[in-house]
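Line order of the protein sequences matches chains Z and C.
For the first sequence, our numbering begins at 33 and goes up steadily by one.
For the second sequence, our numbering begins at 33 and goes up steadily by one.
None of these hints come from the bench; they were simulated from the model.
A portion of the hints provided could be inaccurate.
A pair holds if it fits inside one copy or across any two, identical chains being indistinguishable in the list.
[Stated by the list, open to error] Calculated lysine-lysine pairs in the DSS-like style (CA-CA distance at most 30 Å, straight line):
id: 1; residue 1: K73; residue 2: K155
id: 2; residue 1: K38; residue 2: K139
id: 3; residue 1: K142; residue 2: K102
id: 4; residue 1: K73; residue 2: K142
id: 5; residue 1: K122; residue 2: K58
id: 6; residue 1: K102; residue 2: K58
id: 7; residue 1: K102; residue 2: K139
id: 8; residue 1: K58; residue 2: K142
id: 9; residue 1: K139; residue 2: K58
id: 10; residue 1: K38; residue 2: K89
id: 11; residue 1: K89; residue 2: K139
id: 12; residue 1: K58; residue 2: K73
id: 13; residue 1: K142; residue 2: K38
There are 2 protein chains.
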Amino acid sequence: METLLKEITFNADGLVAAIAQQFDTKEVLMLAWMNREAVEKTLATGDVWYFSRSRNKMWQKGESSGQTQKLVEFQIDCDGDTLLLLVDQKGVACHTGRRQCFFRTFKNGKLIENQPVQVDPDKLYLA
Amino acid sequence: METLLKEITFNADGLVAAIAQQFDTKEVLMLAWMNREAVEKTLATGDVWYFSRSRNKMWQKGESSGQTQKLVEFQIDCDGDTLLLLVDQKGVACHTGRRQCFFRTFKNGKLIENQPVQVDPDKLYLA
Numbered sequence: 033m034e035t036l037l038k039e040i041t042f043n044a045d046g047l048v049a050a051i052a053q054q055f056d057t058k059e060v061l062m063l064a065w066m067n068r069e070a071v072e073k074t075l076a077t078g079d080v081w082y083f084s085r086s087r088n089k090m091w092q093k094g095e096s097s098g099q100t101q102k103l104v105e106f107q108i109d110c111d112g113d114t115l116l117l118l119v120d121q122k123g124v125a126c127h128t129g130r131r132q133c134f135f136r137t138f139k140n141g142k143l144i145e146n147q148p149v150q151v152d153p154d155k156l157y158l159a
Numbered sequence: 033m034e035t036l037l038k039e040i041t042f043n044a045d046g047l048v049a050a051i052a053q054q055f056d057t058k059e060v061l062m063l064a065w066m067n068r069e070a071v072e073k074t075l076a077t078g079d080v081w082y083f084s085r086s087r088n089k090m091w092q093k094g095e096s097s098g099q100t101q102k103l104v105e106f107q108i109d110c111d112g113d114t115l116l117l118l119v120d121q122k123g124v125a126c127h128t129g130r131r132q133c134f135f136r137t138f139k140n141g142k143l144i145e146n147q148p149v150q151v152d153p154d155k156l157y158l159a
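Let the hints inform the model, and build the full structure from the sequences given.
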């Protein structure tokens with residue numbers, strides 16, 4: 033683990049950007065942030081953990097929605113400031129109920145939706 | 033253009049993260065940053081421009097190496113703080129001469145290279 037951690041360049045807030053990509057279809061699902069502990073916990077458990085900047089705490093992807101991510105492969109880029117996580121995403125990655133967070137395409141001066149809502153977001157976060 | 037720009041959440045430094053993905057093979061090539069002007073110039077020209085945090089200026093991908101990126105599709109995520117650029121990457125995206133910047137995989141406690149050097153990096157940046 034230390035071999036990896038010393039190659040990661042955490043930013044001034046102690047975070048590193050992490051792109052999640054579905055391992056088989058190669059869909060880019062989302063981008064989130066990890067702190068050192070999230071990296072360690074993800075590698076130790078195989079469940080993907082991130083760090084929420086707005087809530088200022090770690091969270092397991094899917095902990096409240098059930099839409100979890102299992103780690104398949106952990107990659108790091110040339111300068112160590114971005115991670116690429118190949119994952120197996122259960123259901124939808126986006127809190128809007130879509131598979132990918134990148135569901136808007138800018139074309140001809142307009143933003144158009146490029147994928148459907150698969151799950152009613154109100155049903156993703158039942159108390 | 034304003035329709036898009038008002039949806040982008042630039043950070044305190046005026047930047048937004050941009051993931052570049054090869055449009056047909058779906059390889060994730062790199063992550064870099066764009067300022068407002070880089071977004072505008074990319075959409076206006078079809079050549080991908082980024083903002084270098086270390087050099088504090090805009091740069092066109094491939095301007096010195098010849099390994100340019102042509103924009104195919106411009107996507108934005110749910111909360112507007114990450115872009116996904118579907119591009120056509122000429123040659124290699126990484127300054128190390130590899131196709132993708134994510135050329136290291138962490139496995140069994142070690143970092144292993146997951147792709148070969150395709151171009152001698154010394155030949156990428158001839159003066």
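Cross-check of the supplied hints:
1. In this assembly of identical chains, the alpha carbons of K73 and K155 lie at most 30 Å apart only when taken from the same copy (28 Å versus 40 Å across copies).
2. When the C-alpha separation of K38 and K139 is checked against a cutoff of 30 Å, the pair qualifies only between copies, where the shortest distance is 15 Å, while the shortest distance within a copy is 41 Å.
3. In this homomeric assembly, K142 and K102 come within 30 Å of each other (Cα to Cα) only across copies, at 20 Å, whereas the closest approach inside a single copy is 35 Å.
4. Taking CA atoms no more than 30 Å apart as the test, K73 paired with K142 passes between copies only; the shortest distance there is 17 Å, against 41 Å inside one copy.
5. Taking CA atoms no more than 30 Å apart as the test, K122 paired with K58 passes in both settings, with 14 Å inside one copy and 20 Å between copies.
6. For the homomeric pair K102 and K58, the shortest alpha-carbon distances inside one copy (15 Å) and between copies (20 Å) are both at most 30 Å.
7. In the homo-oligomer, the alpha carbons of K102 and K139 lie at most 30 Å apart only across protomers (15 Å), although the nearest pairing inside one protomer, at 33 Å, exceeds that limit.
8. Both within a single protomer and between protomers do K58 and K142 lie at most 30 Å apart by alpha-carbon distance, with minima of 26 Å and 24 Å respectively.
9. Proximity of K139 to K58 under the C-alpha cut-off of 30 Å is found in both arrangements, the shortest distances being 23 Å within a copy and 20 Å between copies.
10. Proximity of K38 to K89 under the C-alpha cut-off of 30 Å is found in both arrangements, the shortest distances being 22 Å within a copy and 28 Å between copies.
11. Taking identical chains as interchangeable, the C-alpha atoms of K89 and K139 lie at most 30 Å apart only when they sit on different chains, with a minimum of 27 Å there against 36 Å within one chain.
12. In the homo-oligomer, the alpha carbons of K58 and K73 lie at most 30 Å apart both inside one protomer (24 Å) and across protomers (28 Å), since each shortest distance falls under that limit.
13. For the identical chains of this complex, K142 and K38 are inter-copy neighbours only, at 12 Å across copies versus 43 Å inside a copy, given an alpha-carbon limit of 30 Å.
When the structure is compared with the earlier hints, no violation turns up for any of them.
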